[in-house]
Structures are given as C-alpha cells and as structure tokens.
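Mind docking chains H and D with the ligands on chain U? Use the hints.
Line by line, the protein sequences are chains U, H and D.
At position 248 of the first sequence (counting the first as 1) the number is 247 in numbering that gives the first Met the number 0, and the numbers step up by one without a gap.
At position 161 of the second sequence (counting the first as 1) the number is 160 in numbering that gives the first Met the number 0, and the numbers step up by one without a gap.
At position 11 of the third sequence (counting the first as 1) the number is 10 in numbering that gives the first Met the number 0, and the numbers step up by one without a gap.
Don't read these hints as lab results, they were simulated from the structure.
Please read these numbers as outputs of a predicted model, since none were measured by experiment.
In this text, a Cβ means the ideal position worked out from N, Cα and C, and glycines have one as well.
There's no promise every hint is true.
For the chain U half of the interface with chain H, some residues (derived, Cβ under 10 Å), not all of them [stated by the list, open to error]: (1) Leu14; (2) Ile101; (3) His200; (4) Gly216; (5) Ala217.
Derived CB-CB ranges, DEER-like [unchecked claim]: (6) D/Leu276 to U/Phe100: 47 to 57 Å; (7) H/Lys122 to U/Trp22: 22 to 32 Å; (8) D/Glu5 to U/Thr121: 39 to 49 Å; (9) U/Phe38 to D/Leu273: 44 to 54 Å; (10) H/Lys122 to U/Ala33: 30 to 40 Å; (11) U/Pro169 to D/Pro128: 49 to 59 Å; (12) U/Ser251 to D/Phe2: 33 to 43 Å.
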Amino acid sequence: MSAPTVFDHPAARALSRRHRLRWWEPLPWILALAFYFMFPRYLGFGTELLIMVLFAISLDLALGYAGIVTLGHAAFFGAGAYTVGMLAHHGIWNEPISSLFIGAAVAAAIGLASGLVLLRTTGLTLLMLTLCTMALLEEAANLGHDWTGGFDGLTGISIPPLFGLFEFNPLFPKTQYLYVLGALLICFVFVRTLVYSPFGHSLTGIRENTLRMHAVGAPVRTRLVVCYTISAALAGIAGGIWAQANAYVNLSTLGLDRAATVLIILVLGGYGRLYGAFVGAVAYMALSHFLAKVYPTAWQLGLGFLLVTIALFARGGIIGLGETLMARLRPKLKPKPPS
Amino acid sequence: MTAALLETRSVSKSFGALRAARDVSFKLEEGARHALIGPNGAGKTTFINLLTGVLPPSSGEVLLKGEDITTMEQAARVKRGIARTFQINRLFRGLSVLENVYMSVAERVGAAPQMITPAGKRKDVIDESMHLLETLKLADHAHLTITGLPYGRQRLVELAIALGLKPVVLLLDEPAAGVPSAETHIILDAIDALPKSIGVLIIDHDMDLVFRFAKKITVLVRGAVFAEGTPKEIGANADVRAVYLGQATHG
Amino acid sequence: MIFTIENIASMVLGGVAAGMVLFIVSVGLSVTMGLMGFVNLAHGAFAMLGGYIIVLSMRHLGVGFIPALAIGFVMTAAVSIVFERVLYSRLYKAGELDQVLFTIGLAFVFIAALTVFIGPENQPLTLPPELRGQLDLGIVQYRTYSIFLIIVGVAIVIALWLGFERTRFGAQIRAAVDNRRMAESLGINIDRLFAITFGFGSGMAALGGGLGAEFLGLDPQYALKYLVFFLIVVAVGGAGSIVGVFCASLIIGVLDFVLKKYLPQGGTLFIYALTILLLLWRPQGLFGKPS
Ligand SMILES: Nc1ncnc2c1ncn2[C@@H]1O[C@H](COP(=O)(O)OP(=O)(O)OP(=O)(O)O)[C@@H](O)[C@H]1O
Ligand SMILES: [Mg+2]
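Pulled out of the complex, with its shape left as it was, chain U reads as follows (with noise of 0.2 Å):
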C-alpha cells in the first residue's frame, strides 16, 4: 500500500473528520433560542440553566476528558462570582463583560496555584484536597465580613447596561438571556476546539492511561496543570455570569451543594461527551425546579436512587444510554475494514 491510500481507510478518515460539525449540533442551540421566543416568562429560569450547562461544560474538561476526580469544582465558579461581586459592590468596578474577564482570571489564577500542588497528587488525596481547598475558600468567604458579606454574602449588585445600551438586571430577563446564551456558544466552541485538538486528545490519554502517557514522553503533570487552569476559568466565568444575573453573591456559590449539584449534572447529562453537560443540566433543573420544592424528600430520595443506577449500571449517563441504543438498532452502520 502506497500512501496517497491511507486516507481511504475508514479509521483514518473517521479520525480526521471527527472534528467536523455533525448535522445535529446545531439543535442545543436552536432549541434554546426557541426557548426564548416561546417561554418569555420562564426566561429568569433559562438563564440558571444556562449558567449551569457552562459550569457543567467547565468540569467536564477537567473531569470528563482529563479525568481528573475533583470534589471541588465550585471553588472557582464562588471565585468568579465573589470576584465579580466584590468589584460591583465596592464600586470598583462593574462593566459586565471586562468584569467576566477579571473573574475568570481570579479563578485562573486559584485553578493554577491550587493544580500546581494538588495535581502532585492522586485519589483519595487528591479528592481530599479539592474538597478542603473549596472548604479553605468558603470559610475565607464567611470570614471576610468586611469585603464578602461574610454568612449573608453581597446583595443589590448594580450592573450598568450591557454595551451601555441594554438594561442588565434581574428585571429584563431577556437582555440576561441573551447574554448567558452567547457567553455559552464562545465558551463552548473554545471547548469543542481543545478536545479535538492534539492537545485534548493527549488529555483523553492521561485519563485512560497515565502511566503510559508518561512513557510516550508527556509532560503529564504540566498538561494537567494547564486542563485544570483553563476549566478553572470557564467556571469562573460561569460564576461571575451567575453574580451578575442574580444581581448578589452569597457562600451557596462555593459550597459543596454546588459542587456536588454540578458533579450530578454532568455524570446525569454524559461526561467527556461535551454535550453531556446540556442534557444533564436540563433533565436535573427541569426536575428539581418542578419537583425539589413541592416534594423536597421525593426529589431527594430520586436522586439517590438515579446516582446509585447511574454509577452501577449506566455510567454514560442519558446520553451513554442512547449510544448504546442506537449502537443496538443499527449494528450495521459501524465502518467495515477494507479487505
């Protein structure tokens, strides 16, 4: 075989156009701008949502592709926020966009030093660290009266009009809308970019194999450091987001309930599938909006009982589930080796 015909074989041509768009990605995002037209008065919960989708796609990097375990997570999506938070209330700053940018950073800047030490480490260590350094924060947070509001956290953030032309705040919960749903498709196309690049392959490596990532000559640890770092921004960003549409920061944006409630999006939804994140975060919010305040324990007790299903029997989550349907129906559509 002479090499102009390597391309012809269906391994090769798979992995080449792996990155290419499907014909049914476009639809996360067409369903949410339709969301917007037809459900205007529902549009305050649309931007939770949203924020959470981002959140969710921010572990999924560190978590899903990296396979870095962390407990943690929402140390840097409470940086954002309180970063965010801080400079509005202290009227330091508070033009919204440059204000995600400062919040990423801050939580750029606590996903690196954190990763440089914690990354040493793995399993139950490592697990132990996140969640203690998340703990480190919230506590800072609570005992920082003067800057953080300590226990009742900042109320009444003032966001001026989004490019001086669009009113931003709880009240116009359209221009919010908008707002979180664009932060999401650059934040999310960023994302989709890195785990299809060599980069984010070699990420896939270091969760299947680390052992033999270090043996092909990979700088794990520097690899992780930087996964880490990036994931930490996009969770600030999600936070800051967060700060800014609910027009307050309070200690639930970096407790473990946040962490976890993410960690529970994610594996529901699909991890290291990036769309696991969107469909994770609407079947948990849609549920637990309808469900988790008019029957608090019955929620409560189906999420138990869906996390032990999940972990036991369906590890891919919803959409793991409907791979391996699919997979059951049309067995013959898998390529065929040339003969």
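Using the frame of chain U, we list chains H and D with the ligands on its own:
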C-alpha cells in the same frame, strides 16, 4: 573507545528488605540485539523501570551515550530516545488502535501541545501512524477500540506505540507473551525492519525467540547479573542451565 | 482568656472526648479505604442509621443505653453487610468517580428515607442518670459523660489494636491491606474478609453515631454534615492505619474544641489549611503506607 548507547554502573534498587537490583553494571551497545533473561521475580522489569526513570535507583548511575541521566524525568528520557513496552498491556483502552498510536507519534513530532488545530488536521501524524500499523499488520484493525481486540493484537499495539517514538534505545518487556506463536514473527520482522543503529533490549521467557533474536544475552538472577555472553556461550553454560533453563523446561 | 490548670484540663478533656467519637466513627472508614480502596461517602449515613437505631430503641423499646448500643452495632453491621455484598462489591474495581457517585446517592437515599419515616427533626439522646452530672477528678470537676466517652474510646482502641495485631483475622486484614494479590494467593478468602470488615466498620460507625448524638445531634442531615470531618481524619491519619486514625482524631478533636473556644471565627479555616499542608507534605497521611 566510545561510550555505550545505554549503560548502568552498579545500579541497585531495594523495596524495603527486598533487593530487586544488586550492583547491576550493564551495557547496551549501538545496534545491539540484546536479551535479558532470568527466572520470575529476577528483577528484569524492575531493571527496565530503572532505565526509563519509572523508579529512581537506590544507588548507582544510568548513562545514555555517556550522559548521566540517573535523576532525569521519564519524559526527558523519552525525548532523548528511550522507549519501552510493558509486560502487562498499558494501552488507551477506550480509544481506537489508530488513536493509540497517534498519541505517541503526536508526542514525538511535537504536535501534542497544539490546542487549536484539530487532531484530524495533522495528516502527517495520522499518515505516519497508519504506516506504522501497516508494518505491524494491524491496519485492518486500526478502527477498532482496544477492548474489542484479541490479546495478541493488543501486544502488537504495545509495540506500535513504542515504535511511534522512533527510539534510539528500545526496551521490550516480554513483547511476545500472549502472542500466538504463529504471529511472533511479526514482532521479530518489525524489529528487523528498524534502523540497524538502534539498540534493542528484549526480555522474554520464550527461549526460541531469544536465541533467534539475540546476539548477546545477559542472565539476571535475584537482582544480580549472573552470566553474560553470546547465545552460544549462555546455551553452553551449565550454571545457567541449572538456575534457569533447567527450571524453564520443568515449568 | 485565662490559662489555668482547670481551663487547660477541661479543654483537653472535652477535646479528647470529641476526638474519641470521631475515632469510633472514622476507624471503619479508614479500614475500608485502606483495605478495599473504596471511597465510601455513605459512611456517615451508616453512623446516622446506627444513631437512630440506638436513640429510638431506647425511647420506644425502653432498652438501656448499653444494650441499645449493642443493638445499634449489630443491626447496622448486618444491614451494611447486605449492602456490601449486593452493591458495593460490584464497584471495587471501578474508578473513584463511580464510587463517589454511588455512595453519595446512597447517602441521599438514607437521608430521604429517614426524613420520610422518622421526620426531619433532631432526635435527642437521653442519657441514663448515672452518666449525667459531673465527676470530681481531683483537679477539675468534669462532665461524667465525657469521661465515659474517653474510657470507652481508649477501651475500643486497645481492643482493636489487640484484635488487629494479635488475632489471625487481624493478620489477614493487615496482609490484605499491604498486598491484596499476595494475600489472595496465600488462600485468604478476600470476599469474606471484606464483608466482615465492612460490617464491623459500619457497626463501629453506628456506635459513634449513638455515642456522639449527645453533642453532634442526630437528624437526617447528619449523613453528610460531618462527612468532611470524618474524611479529614482518615486522610490525615492515613487510610488503613488504626493508630493513624486514633492520633488524627485526637489532634483534630482537641484542635477543634480549643479553636471553637478561643477563635470561634477562623477555627475551621485553620483545620482545613493544616490538612492541606499535611497532605501536600505526606500524601499518604501521618501513618499511611506510601503508595
Ligand atoms: N514497586 C514494587 N514494590 C515492591 N516490590 C516490587 C515492586 N516492583 C517489583 N517488586 C518485587 O521485585 C521483585 C522483582 O520483580 P520484577 O517484576 O522486576 O521481576 P521480573 O524479573 O520482571 O519477573 P517476571 O519474569 O515475573 O516478569 C519481585 O519480587 C517483585 O515482587
Ligand atoms: Mg517482569
């Protein structure tokens, strides 16, 4: 006299009270086809771990072309041309065969840190990976996930990943274990096709393969070099027969 | 603040008593993590279950405190062995993420079930009269119950230590913690070992749940409320080490007690920071074996 390609000077390694390597002084010359044999638990894999930097030695030195690399990190050694395979498969099990090999080729050509270009647009990497798979008769399986591959083929992917690094020193830890005997020639052929200057060290319990392949054999027993010589000398060495070959025929 | 002898003595006593409870709850978690490598975030749920059994059997069945503790131990151990055989054992080879999800889910189920069947309110523990009141120790007067906790804790750690070091079963556990494959090849029945150890650990947690209910409270949120503390104890002491858990429990118990008194604001922050520093210095904890 020029420095050996890879050399150890009285390298030792202890795990608590167990001394898995004792004062091992060893040379792998340029172009060598060298075999390392010894009974189970002799410390062969440990020795490879010392050469590649997976484990730090308790004492002694490791040199590559005369340069002291004893404390060098694994990744840096790989960049200098040391590649290995694992006795127990260490593959990216959820990925396709092609994606597995892509991993090492991308690392070697410096594509791996790229964040913007899609992996699929590095045609050079894909191209090289596919050609490598062809030489190992794996092209037909390139699209399969590792988990769907027979064990013998997985062993070949092990080798393919190491070859993707275009090594100067190639350390093979029982590459043929688990490969059907009708297919072991694929491994030997692939090694034959490598540039002659590469130094190859092979560990195996299959004496046929060892004697077919090696120009030089080192016997390791309880962590220490027990004997060294040409296949002929080792084959004729009564002590070696007693501790190793005899045992192998019984087992 | 005044550092009188009475002050210091009462602080140490209070902290040590709290540390004992921490130890009794966490020791099972440590052994299961060290032995099976299982991240069991539902451990607090078993402690809670045991606490409920103990408190409720005293209240509704009129059982005495000590018999109630025994009932709590046995029932919780039995329940947990069923869980171990049927569910946990499927995840021994899975990654941490699956174990984390599974056990968080399990904790949620426990919380919801107790809320439904018993109610969301706190279940107070009624101590028998002879454990209430104060005891004169010569230097200080101190709460009888705290002294009782310390005695029980010391008795348990000695018993566990002897059991671990001197019995055949203990030797098997140590062998399996050190090298599981080796232990298996020596003919140790790993499945049985795991089940019994898990049951025993959960039983200990139940005791801790009951003994600590007096000052930790007992409501459905218990399962997750103190989990971080239990985990910190295990991580600091080193998974799989009984001596490690004991020391870590005492250190953290005393530290928490003292800090709460003199630094009600930043105490917890200090403990988290200390834990992080310690784990960075020794990832395997104070007494853990390096991996
Ligand atoms: N990381 C480790 N910690 C403790 N002991 C180890 C470690 N690695 C290897 N050993 C021990 O060192 C000794 C040598 O092991 P090694 O794997 O190097 O032998 P080997 O010659 O490769 O054997 P085999 O032919 O079975 O592959 C064995 O007794 C093994 O149990
Ligand atoms: Mg070996």
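Results of checking the hints against the structure:
1. With a least beta-carbon distance of about 5 Å to chain H, the hint placing U/Leu14 at the interface is held under the 10 Å criterion.
2. Proximity of U/Ile101 to chain H is violated relative to the hint, the smallest CB-CB distance being about 23 Å (cut-off 10 Å).
3. Nearest Cβ of chain H to the Cβ of U/His200: about 5 Å, under the 10 Å cut. The hint holds.
4. A hinted interface residue such as U/Gly216 counts as satisfied when its beta carbon comes closer than 10 Å to some beta carbon of chain H; here the least separation is about 3 Å, so the hint holds.
5. A distance limit of 10 Å between C-beta atoms decides the matter here; for U/Ala217 the minimum to chain H is near 5 Å, and the interface restraint holds.
6. Between D/Leu276 and U/Phe100 the beta carbons are some 32 Å apart, a value that contradicts the proposed interval 47 to 57 Å.
7. At roughly 25 Å, the beta carbons of H/Lys122 and U/Trp22 sit within the given window of 22 to 32 Å.
8. A C-beta distance of roughly 47 Å is found between D/Glu5 and U/Thr121, which places it inside the suggested range of 39 to 49 Å.
9. Checking the proposed 44 to 54 Å range against U/Phe38 and D/Leu273 shows it holds: the Cβ atoms sit about 49 Å from each other.
10. Distance hint check: the CB atoms of H/Lys122 and U/Ala33 are about 39 Å apart, consistent with the given range 30 to 40 Å.
11. Look at U/Pro169 against D/Pro128: about 57 Å separates their beta carbons, and that is inside 49 to 59 Å.
12. Hint check: U/Ser251 to D/Phe2, Cβ distance near 39 Å, so the stated range 33 to 43 Å holds.
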